[in-house]
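Peer 1: Chains A and B, in that order, give the protein sequences. Going by numbering that gives the first Met the number 0, the residue at position 175 of the first sequence is 174; the numbering climbs one at a time, nothing skipped. Going by numbering that gives the first Met the number 0, the residue at position 229 of the second sequence is 228; the numbering climbs one at a time, nothing skipped.
Hints were generated in silico from the structure; no laboratory data involved. Keep in mind that a hint or two might mislead.
Derived contacts from chain A toward chain B, CB cut-off under 8 Å, selection only [as the list claims (entries may be wrong)]:
#1 88
#2 91
#3 97
#4 136
#5 249
#6 261
Some chain A residues flagged as far from chain B (calculated, every beta-carbon gap over 10 Å) [stated by the list, open to error]:
#7 29
#8 31
#9 32
#10 187
For glycine and all other residues, C-beta sits at the position ideal for the given N, C-alpha and C.
Here are the chains, one letter per residue:
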Amino acid sequence: MKIVVTMKLVPDPNAEKKIDPQTKRLVRTGVETVLNPYDEYALEAGLQLKERVGGDTRVTIFSMAPDALKETLRRALAMGADDAAVLSDPALEGSDVWATAYAMAHALRRLEFDLLIVGGLTDDSSTGAVPGALAEHLGLPCITNARKIELADRTLTIERETDVGYQTVRAPLPALLTTALTFGEPRYASLKGIMGAKKKAIASIGLAELSLDSAVGSDGSKTEIESFAPPAARGQGKTVEAPDAAAGASAIFDFLRERKFV
Amino acid sequence: MKNVLVYAEHRQGATRKVTFELATQARTLADSLGGKACAVVVGSGAGAIAQQLAPYPLDAIYCNEDSQVDAFLLDPVVDYLEAAASLVGASLILIPNTLSGRDIAGRLMVKLRAGIVADVVDFEIAGESVVCVSPKLGGAITTRCALRPGEFGIATVRPNAFQAAASGGTAKIEQLPTARRSYAAAIDNDVEEGTGELALEEAPVVVAGGRGLGGPEPFETLLKPLARALGGAVGASRAAADAGWVPYSLQIGQTGKTVTPNLYIAVGISGAIQHKVGMRSSGAIVAINKDGAAPIGEFSDLLVVGDAFRIVPELTNLIEKAKGNAT
């Protein structure tokens, strides 16, 4: 069985995002590139499934990323993935959701898999539309937000979280899954894993190999960012010391009154 | 893109507030674009939802009570939306930015070869050009993103971004032809774990608790009565969810939900970046914390430094009194 896990490389989510007021661009200096945290849960799901299914099951990482950043994927290989494939091409720069999903789908088709696992959201721009778009391009059943995965006779039985509870969903392989954070914490890489990862292959895929029939990058995008700016600043807040509970409560009550919430 | 088409999300006949927000906003957008405003509602209970949508200013409501919609995972919804889009013609499609809405939008994007902008809180329309305003990077920046000219464009719209107003409804309810009967992903079991309370993302007021509450009980005894008095919902920080005090479905923040209520009250939450990105776009923010130097003070309109266990019941009582429910 072959499992492919998609991974996005994002700026460290624990670093506060700041916009340079001059260039109006995201300040990236001094911010480390890491695996999108949601995708680590997807990898954890893939690795657990590999352990359960056994045999010659392989877990391959797929990422669309600039070539210079691909070594970041060693961390995923150290966690236990078998190999990685990176779609990188300068022509992909500026791709929107449409162009990204289109290029990814074409590259993924070449990898031939039984199960595609995608992170629930991306940390840097949470459109959440990529998993559904990939499923549609690849003609796969799409089961999002999985918290429990069972596999028997090439049929998945998935417990997936909903807004109000959960659903049990059944679908045949090949299929696409996304994982919920309740699936379970991603494992840490062991020392042996880290050493072993150094020898694992990271293959590069270029756009030329994919014979796409429409453009990608900003030319192939269906949306265009016109401008971006910091949001309107919140006015200086007020602090009230309230050693006496009644004073604290009435300070809040007065505020709610003033803002017409009461 | 001339017309506007709203996906009326519901859960087996239980409405979602955001559906009415979109139905109202669709009219404004359609008037600017010079087209029609329509809605699609499908699945068990769709007829009743269509009736509830009728007072809103739409031109047509496309409806099908097909119970197969509830037997498969979203595939039928995507097919019905595609069918409605081809009936209505070139349009801007509004989908709630919810768990299901995001899945549907991505798939519809491919089917309709449409552009998509996510988490939209405002629109700017000039002629046939549609620019969508949405916060990105956890609210650190706001982008203005144009949908390039094309037959279809999709916007997933943040709940609470627009007002709902039931007036000027003249819509005809039209039957959509029934779609395919079978799909690969079948729903065997659908379980509601909540108690039918307001969905967190849609609540106009959120009262959230954190580590400072020390255990699960205060969520029931302190926060719930305050949320109820204000017509809101209870949320939590990651620390509280990780400790098992509340289910993860209540977690607000980077790895949880993003909420934008009109009023956010943070009780015993320090305000780490993890939490901040999930709530900082809220209307007004009030914090109660015993530590006057807690980071939450930096992005609150009001920080009260004191004992939440004593302040919250007093506050709830003041609000109930003002509402005429004195105890």
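Peer 1: Where does the structure disagree with the numbered hints, that is, which hint numbers, in rising order?
Peer 2: 1, 2
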